[in-house]
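Trainee: Residue strings, one per chain:
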Amino acid sequence: MDAETFKKVFLPYHQKLYRIAYRIVQDTANAEDIVQETFIKLWNKKDELEQIENTEGFAIIIVRNTCLDYLRKAKNDYHTSYDTEIPESSSLSKQFEIQDDAAYVKDLINKLPDQQRQVIMMKHWDGYTDEEIENITGISPGNIRVILSRARKTIREQYSKIEQR
Amino acid sequence: MKTSEIKKLVEAFYNGETTIEEEKLLLSCFQGEDVAEELLKERDLFLDLYKSEPIDVPLHLEAKLDTLIDELARKETVKVELKPASKKKYILRWAGSIAAGIAILITAGIYFNKQEKATTTPIAQTIDKTIDKADEQKIKEAQEALVLLSSKFNKGMDQLALVSTNLDKTNEILNKTFNRKKDKES
Chain R
70 MDAETFKKVF LPYHQKLYRI AYRIVQDTAN AEDIVQETFI KLWNKKDELE
120 QIENTEGFAI IIVRNTCLDY LRKAKNDYHT SYDTEIPESS SLSKQFEIQD
170 DAAYVKDLIN KLPDQQRQVI MMKHWDGYTD EEIENITGIS PGNIRVILSR
220 ARKTIREQYS KIEQR
Chain E
13 MKTSEIKKLV EAFYNGETTI EEEKLLLSCF QGEDVAEELL KERDLFLDLY
63 KSEPIDVPLH LEAKLDTLID ELARKETVKV ELKPASKKKY ILRWAGSIAA
113 GIAILITAGI YFNKQEKATT TPIAQTIDKT IDKADEQKIK EAQEALVLLS
163 SKFNKGMDQL ALVSTNLDKT NEILNKTFNR KKDKES
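Heads up: the sequence lines are chains R and E, in that order. Under the numbering used here, the residues of the first sequence are numbered 70 to 234, in order. Under the numbering used here, the residues of the second sequence are numbered 13 to 198, in order.
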């Protein structure tokens, strides 16, 4: 595959790849670096790419693995965060500071454990299907349902506490 | 849609059991005006959950990736161009060794041929004894000179290979520095 063909095939994916990277690492500069690294890895595999039908899926797997490598390097305990509960939301006074309900829900989502946060953002905000989330995160459909349920219930619980105030 | 059906869907939603279609249905129900009062809190939370925070992709990213691909392709071309040059180097070295070997063989052949002639003609041997000895000495010297030449030639080729490797390394460092500077500029 020559440079022009490579560009035609993979450059259109760069926005999606960046959004995925950003969802996982939550940082613009690192997401950008990860996308660049993904393109280098794809270029190094360009001879194998001609046999791959789903080039987008392949690129997503590469960006996901690159993100996981980054998180491992950053000593971010990505995997163990699966079962951790949402931290008891800062102080109650801070909660009252948040006047806007939508902003409060966003805050609750951001405080979820990494995996729950990623899955709920991908599902609700980015509109990915379960299959796409599975491709991006490598989490099985059964686990995606469990993670979504935990995340939604946690937010509902925290939200109702504020509603009762 | 009946309130009881919406309630069931809401519960399924929090259990992570709803399909995309069911979630879209819930969304359109909650976005409508006829929402039962008992569901108003559920509606507010549900709608807030879907209020997305868009991710802005950096505008320069595409151009940056475009340049990166060009750079990767260029580096690959440079590598490919270097390969035949190093092949030539090996061929030259082999040719040099073979040439030196052949020269030694020819010299040895002449020497043994002369010796054989000398043994078959004893009279000539006695007459030309002094000449033969001188020849033998010359042949030996020629042989030594050729061996020396061959070893020097190989040494020279080794030095050339070393210079070529160092040149490659220097190129690599220069490319890296150039890329970093380019990245910073962009």
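Note that these hints are calculated values from the structure, not bench results. Some hints here could point you the wrong way.
[Unchecked claim] The calculated DSBU-like cross-link candidates involving lysine-lysine, where the alpha carbons are at most 30 angstroms apart (straight line), are:
{"hint": "1", "chain 1": "R", "residue 1": "Lys77", "chain 2": "R", "residue 2": "Lys110"}
{"hint": "2", "chain 1": "R", "residue 1": "Lys175", "chain 2": "E", "residue 2": "Lys194"}
{"hint": "3", "chain 1": "E", "residue 1": "Lys20", "chain 2": "R", "residue 2": "Lys115"}
[Unchecked claim] Per the computed footprint, the stretches of chain R lying under chain E, defined by three or more beta-carbons under 8 angstroms from a beta-carbon of chain E, are:
{"hint": "4", "region": "81 to 95"}
{"hint": "5", "region": "130 to 136"}
{"hint": "6", "region": "208 to 218"}
Glycine residues also receive a C-beta, built at the ideal position from the N, C-alpha and C atoms.
Trainee: Could you work out which earlier hints the structure fails to respect and list their numbers in ascending sequence?
Mentor: Of the numbered hints given earlier, those the structure breaks are 2, 3, 5, listed in rising order.
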